[in-house]
Every structure is written in structure tokens, then in C-alpha cells.
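Engineer: Here is what each chain is made of, one letter per residue.
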Amino acid sequence: DTAVSQTPKYLVTQMGNDKSIKCEQNLGHDTMYWYKQDSKKFLKIMFSYNNKELIINETVPNRFSPKSPDKAHLNLHINSLELGDSAVYFCASSWRDRAPQETQYFGPGTRLLVL
Amino acid sequence: KNEVEQSPQNLTAQEGEFITINCSYSVGISALHWLQQHPGGGIVSLFMLSSGKKKHGRLIATINIQEKHSSLHITASHPRDSAVYICAVKWWRGGADGLTFGKGTHLIIQP
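So the protein lines, in turn, are chains A and B. Numbering (my numbering) for the first sequence: 8 to 122. Numbering (my numbering) for the second sequence: 112 to 222.
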């Protein structure tokens with residue numbers, strides 16, 4: 008059973024298009040995250056949601072809009088895609104209120120290429 | 112803002128060698144996370160620790176909170192250990208946690 012799943016795995020699209028990436032976790036976690044890994048392989052947090060509430064938005068352009076229909080899902084919608092949006096996007100989940108040692112579980116990543 | 116520095120950036124070693132990867136951070140954290148990213152891109156959590164030492168198989172992670180430093184050790188290294196190892200510090204803000212990542216250490220173990 009996949010703990011954290013993302014779709015699609017690969018996404019190739021034209022500049023200016025709008026696209027969505029879906030994330031689902033079946034671990035019962037109450038917190039979900041989106042991370043971006045750029046071409047230099049550097050990971051950076053984009054958003055964090057706890058119980059469907061946006062907790063962290065790390066200076067991400069408002070073209071990026073996360074949506075959490077329920078605790079198990081955190082989707083990422085991107086409007087007016089730009090070349091610089093090309094990256095690998097990772098979803099992750101964890102417990103918020105457990106001990107600090109509680110780890111995060113990562114999805115397999117979505118490789119986005121904007122042409 | 113928490114800066115996370117890893118060293119070395121790249122490391123090539125022979126099979127069987129003892130490997131050490133270091134991570135330093137600048138401000139207080141709630142925990143530190145070691146991740147492994149395989150050549151195929153998937154990310155796996157190795158350890159999350161807030162004090163002391165943890166061991167899993169041939170992997171050992173230590174953290175010194177006072178010195179703001181953590182190390183990841185691999186004993187009897189094997190080519191399958193070849194991957195990027197990423198240190199991330201967990202912080203608490205605004206009611207939830209997040210992670211600030213180091214730039215990773217690219218490890219190659221040669222047979």
C-alpha cells in the first residue's frame with residue numbers, strides 16, 4: 008500500500024497553462040506539505056496544511072494555490088505556468104502534535120517541465 | 112531564518128569505508144531529520160532525532176543540540192548506499208512544523 012501518492016508522476020506543459028498536482032496520504036496524518044526541488048536538487052518548503060487549514064506559506068507566488076478538501080488530500084494548483092516552475096514537487100505528511108521525533112513521509116514526486 | 116550547512120558536498124569512497132556526513136544549523140530546532148534521496152529521485156526518511164544518537168542497521172545518527180551539529184555515519188559502506196543524503200531541521204512556527212533543508216551530500220561508494 009502506498010503511504011503518500013502523487014499524480015501525475017510526470018507533467019509536461021506549455022508556458023501559460025494551468026495545471027494541478029494531486030496528493031493523497033493513507034496514514035491518517037493531520038498535516039501535509041508541499042516541497043519544491045529545483046534543478047540544483049535543493050528542497051524548499053512551499054506550504055503546510057494542518058487539518059485542512061493553511062499553516063505555512065513560504066513566499067510562494069500566488070499563482071500557486073493549495074487546496075485541501077479533507078485531511079487526506081492536499082492538491083496543488085498552478086496558474087499561468089512559467090519556465091521557472093519546472094522542478095520536482097514533493098508532497099509529504101506527518102503528525103503535528105506528536106513528539107518532535109515523528110518523521111515525515113514523502114510522496115514519489117511529480118516532475119514538472121514547462122516548455 | 113535557519114541556515115543549514117552540510118559537509119562535504121560530494122564524497123566518493125571505497126566499499127567498506129566508514130562514512131561521516133556533517134550537518135550544522137544556526138538557530139534552535141525541535142528536531143533534525145536525515146533523508147536519503149536515491150538516484151531515481153525518491154526520498155526516504157532515515158532518522159528524525161532531537162537528542163543523543165539513533166542507530167538503524169549500518170546507519171548511525173548523532174546530534175549535539177548545544178553545538179547545533181549532527182552527523183550521519185555509515186559503517187561498512189556498500190555501493191547501494193550511493194545516494195544524496197539531506198539534512199533538514201524541523202522548526203515550529205504558527206502552530207505547525209516545517210523543514211529547512213541542507214543542500215545535500217552526494218555520496219558515491221565504489222566497489
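If you are wondering where the hints come from, they were derived from the structure by calculation, not from laboratory data. Accuracy of the hints is not assured; some may be wrong.
[Unchecked claim] Straight line, CA to CA, 30 Å or less: simulated DSSO-like cross-link-like pairs of lysine-lysine: (1) B:Lys179 - A:Lys48; (2) A:Lys43 - A:Lys16; (3) B:Lys179 - A:Lys26.
Engineer: If a hint holds in the structure, say so; if it does not, say that too.
Structural biologist: Now for the hints, and whether the structure bears them out:
1. The suggested pairing of Lys179 (chain B) with Lys48 (chain A) holds, with an alpha-carbon distance near 24 Å, which does not exceed 30 Å.
2. This hinted pair checks out: Lys43 (chain A) and Lys16 (chain A) have alpha carbons roughly 14 Å apart, not beyond 30 Å.
3. Note on Lys179 (chain B) and Lys26 (chain A): the hinted pairing is violated, with a Cα-Cα distance of about 40 Å set against a maximum of 30 Å.
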